[in-house]
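Number of protein chains: 2
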Amino acid sequence: MQYHPENDEQYQGLTVNSGVERLPDVNPYRRRVSRREYTVSEYVDGILAGNKVILSQAVTMIESSLPRHQQMAAEIVEKCLPHAGRSVRWGITGVPGAGKSTSIEAFGMELLRRGRKLAVLAIDPSSERSRGSILGDKTRMEQLSVQPDAFIRPSPSGGSLGGVARKTRETIVLCEAAGYDTIFVETVGVGQSETAVHSMVDFFLLIQIAGAGDELQGIKRGIMEMSDGIAINKADGDNLQRARLAAAHYRNALLLFPMPESGVRPQVLTYSALTSDGINEVLKMVEDHISLCRENGSFETRRRRQDKYWMQETIDQSLRNHFYQNQRIESMMETKQLQVYNSEITAFRAAQDLLDAYFDSLSKRQINHPED
Amino acid sequence: MQYHPENDEQYQGLTVNSGVERLPDVNPYRRRVSRREYTVSEYVDGILAGNKVILSQAVTMIESSLPRHQQMAAEIVEKCLPHAGRSVRWGITGVPGAGKSTSIEAFGMELLRRGRKLAVLAIDPSSERSRGSILGDKTRMEQLSVQPDAFIRPSPSGGSLGGVARKTRETIVLCEAAGYDTIFVETVGVGQSETAVHSMVDFFLLIQIAGAGDELQGIKRGIMEMSDGIAINKADGDNLQRARLAAAHYRNALLLFPMPESGVRPQVLTYSALTSDGINEVLKMVEDHISLCRENGSFETRRRRQDKYWMQETIDQSLRNHFYQNQRIESMMETKQLQVYNSEITAFRAAQDLLDAYFDSLSKRQINHPED
Chain A
111 MQYHPENDEQ YQGLTVNSGV ERLPDVNPYR RRVSRREYTV SEYVDGILAG
161 NKVILSQAVT MIESSLPRHQ QMAAEIVEKC LPHAGRSVRW GITGVPGAGK
211 STSIEAFGME LLRRGRKLAV LAIDPSSERS RGSILGDKTR MEQLSVQPDA
261 FIRPSPSGGS LGGVARKTRE TIVLCEAAGY DTIFVETVGV GQSETAVHSM
311 VDFFLLIQIA GAGDELQGIK RGIMEMSDGI AINKADGDNL QRARLAAAHY
361 RNALLLFPMP ESGVRPQVLT YSALTSDGIN EVLKMVEDHI SLCRENGSFE
411 TRRRRQDKYW MQETIDQSLR NHFYQNQRIE SMMETKQLQV YNSEITAFRA
461 AQDLLDAYFD SLSKRQINHP ED
Chain B
111 MQYHPENDEQ YQGLTVNSGV ERLPDVNPYR RRVSRREYTV SEYVDGILAG
161 NKVILSQAVT MIESSLPRHQ QMAAEIVEKC LPHAGRSVRW GITGVPGAGK
211 STSIEAFGME LLRRGRKLAV LAIDPSSERS RGSILGDKTR MEQLSVQPDA
261 FIRPSPSGGS LGGVARKTRE TIVLCEAAGY DTIFVETVGV GQSETAVHSM
311 VDFFLLIQIA GAGDELQGIK RGIMEMSDGI AINKADGDNL QRARLAAAHY
361 RNALLLFPMP ESGVRPQVLT YSALTSDGIN EVLKMVEDHI SLCRENGSFE
411 TRRRRQDKYW MQETIDQSLR NHFYQNQRIE SMMETKQLQV YNSEITAFRA
461 AQDLLDAYFD SLSKRQINHP ED
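These protein sequences, in sequence, are chains A and B.
For the first sequence, this note's numbering begins at 111 and goes up steadily by one.
For the second sequence, this note's numbering begins at 111 and goes up steadily by one.
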């Protein structure tokens, strides 16, 4: 979906019906031109050369469920890894209606004006897509999406949050290798995904709108404490005062929280993606925060911790999946849960019984169910 | 340590040197009377009869690391399980200095006056004990500790948080079977243990002291959002105004949080454990909260979720331990972490390599390292 012929020279030759707005529903002359497959090193070269189309296709590989693709994707990501890491990664969240999409356009266009290269990714497990993932709805990013120096990629569809997060994180590697010096990872502020995003970015921005209490019910518990900064959108016209009041509320609330691990206190600003008032201030807030974190070393520490986090997350998740998908476990689970429910056995005994069965089945695996 | 002969008839016969304040350092006539071991059913009967001494000994079994004891303890807990659950479980946390111990005495003495039976437990992994676990320091609970209807038990010492939490949760079962209708589980508000406590209580009370911002640095992120109510202690004398101001701060802050799953908004009260002002209001806050939760069904839902939580926690933790203690993993881990650190491989690839080695070693286990 991300393919823009106008941004890509090499590709023109391959394009069918170039310039045709929309293919006729029936086109007797149409022939599928089988796209030539790149080798891993061709992918890597293309990415390092900043070729958007090849980047897109590589990301598609990352998102593919075909083992062959996954294998190639893994090699591509690893070859790109040494060239990655040199960007500032923003996480951007906020409830639907906070105006994330217009904000991302406003922030993004200003960054491009300053000569930056911007990649906008999203991480929302399919379960949350419907709840306002802006990137699913491309028309709302029309300004950015046609910019040569912007790369926009919707959230990988389907799969568990863990899977989506992994794909997004690997996509960051490719984008950085392709020379994008600013990465936006966007998420809807209503689910589990904030923690995942928070664990892959350098600055986590919470976008809010004026109002307190009931109006904010949508936002997830704990999210305020994850944010490195809060920006209150729609501070324009009649809404200006309410926005400023909300900002004051948030500043008070943040006072009750401890100093974040970054060692830099989160700021609360107001802005308007509509009038662009305050956009520069928000960008400055992020820049200042990043440079302070680089100085006090927390920037590097945070990225190291994130690597460790993802390694452990992947391990833990795999261990859980392997356990809960075990045949013996699946057959026992319901009974055990019922026994706990009826106070016949403790939760701990139930867990122990299941674990015994699990490891027993594993150690017998080779004899009973040989695996290749 | 919990033994109080004065509360126990059956036991008098077994007591040596009853009434002697302290044994002489050297006592030629002293003979160790080997304490007869109770059977599981004797333990259960004793507990159901509300015998404090037997309860104490059963809890000691829960805390014992001897397999024989653990086996017995598990049976005792399971036999008590059907008689458990009929209590209101408070979680009480707050930073050291907030006055948790005096507060627990104040709340507890008032509850006893109202004819309740109170068990006070603690859950603090040894790492945190030093940081102010009141129950380690018995002298500070002297009022409660001599009450016939109060049962006080320090936190199980040593072990992981998971282990300590399990022991505390099983102790709750025994206490409830012994007829204690109110359980306090106390923890220091500085560590990981709040989540554990929050996952075993019906009402999670956060005790605070006057002051905002820097004074509260000690408190763990996210803890405010876990609490079902906040009570600000030391609202007396010159401190009264500051306490009320702090309460206002917290009320504002809580406005920014979503409605808790309980469906009941947390309240913020001020009180003084010293003068007892506001103690009744705090008790009323908890009672009202509990009855509202019973009405809207969240009370039952929460306990069911807690059972599930502990089953999954136990499983996940065991899976992790089993993985990280695996010989092959231990030998590979450092290398893999280094490779990730040097951006040679992604965190995901490192995880995958380790997982492959792990499951490979498990499936070969019977051949290579037979287990009994």
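Mixed in with the good hints, there may be bad ones.
[To be verified] Below 35 Å or equal to it, Euclidean Cα-Cα: the simulated DSBU-like pairs (lysine-lysine) are: (1) B:K418 to A:K189; (2) A:K394 to A:K189; (3) B:K474 to A:K474.
[Claimed, not checked] With the C-beta cut set under 8 Å, the calculated list includes, among others, these residues of chain A facing chain B: (4) N362; (5) D426; (6) V450; (7) L465.
[What the hints assert, rightly or not] The following label-pair restraints were derived from C-beta to C-beta distances: (8) B:T170 to A:S175: 42 to 48 Å; (9) A:D387 to B:D348: 41 to 47 Å; (10) A:P368 to B:L350: 22 to 28 Å.
These aren't lab readings, by the way, just hints derived from the structure by calculation.
Using N, Cα and C, we set each Cβ at its ideal position, and we do this for glycine too.
Results of checking the hints against the structure:
1. Using a Cα cut-off of 35 Å, the hinted pair K418 of chain B and K189 of chain A is violated, with the two alpha carbons roughly 43 Å apart.
2. Our distance criterion of 35 Å between C-alpha atoms is met by K394 of chain A and K189 of chain A, whose separation comes to about 34 Å.
3. Of the supplied pair hints, the one linking K474 of chain B and K474 of chain A holds, its CA atoms being roughly 9 Å apart against a limit of 35 Å.
4. The beta carbon of N362 of chain A comes within 6 Å of a beta carbon in chain B, closer than 8 Å, and the hint placing it at the interface holds.
5. The closest approach between the C-beta of D426 of chain A and any C-beta of chain B is roughly 6 Å, which is under the 8 Å cut-off, so the hint is satisfied.
6. The interface hint given for V450 of chain A holds, since its Cβ lies 5 Å from the closest Cβ of chain B, which is under the 8 Å cut-off.
7. Against a cut-off of 8 Å between C-beta atoms, the interface hint on L465 of chain A holds, since the closest Cβ of chain B lies about 5 Å away.
8. Range check, T170 of chain B to S175 of chain A: Cβ separation about 54 Å, and the 42 to 48 Å hint is violated.
9. For D387 of chain A and D348 of chain B, the Cβ-Cβ distance of about 45 Å falls inside the hinted range of 41 to 47 Å, so the restraint holds.
10. Taking the beta carbon of each, P368 of chain A and L350 of chain B are about 26 Å apart, inside 22 to 28 Å as hinted.
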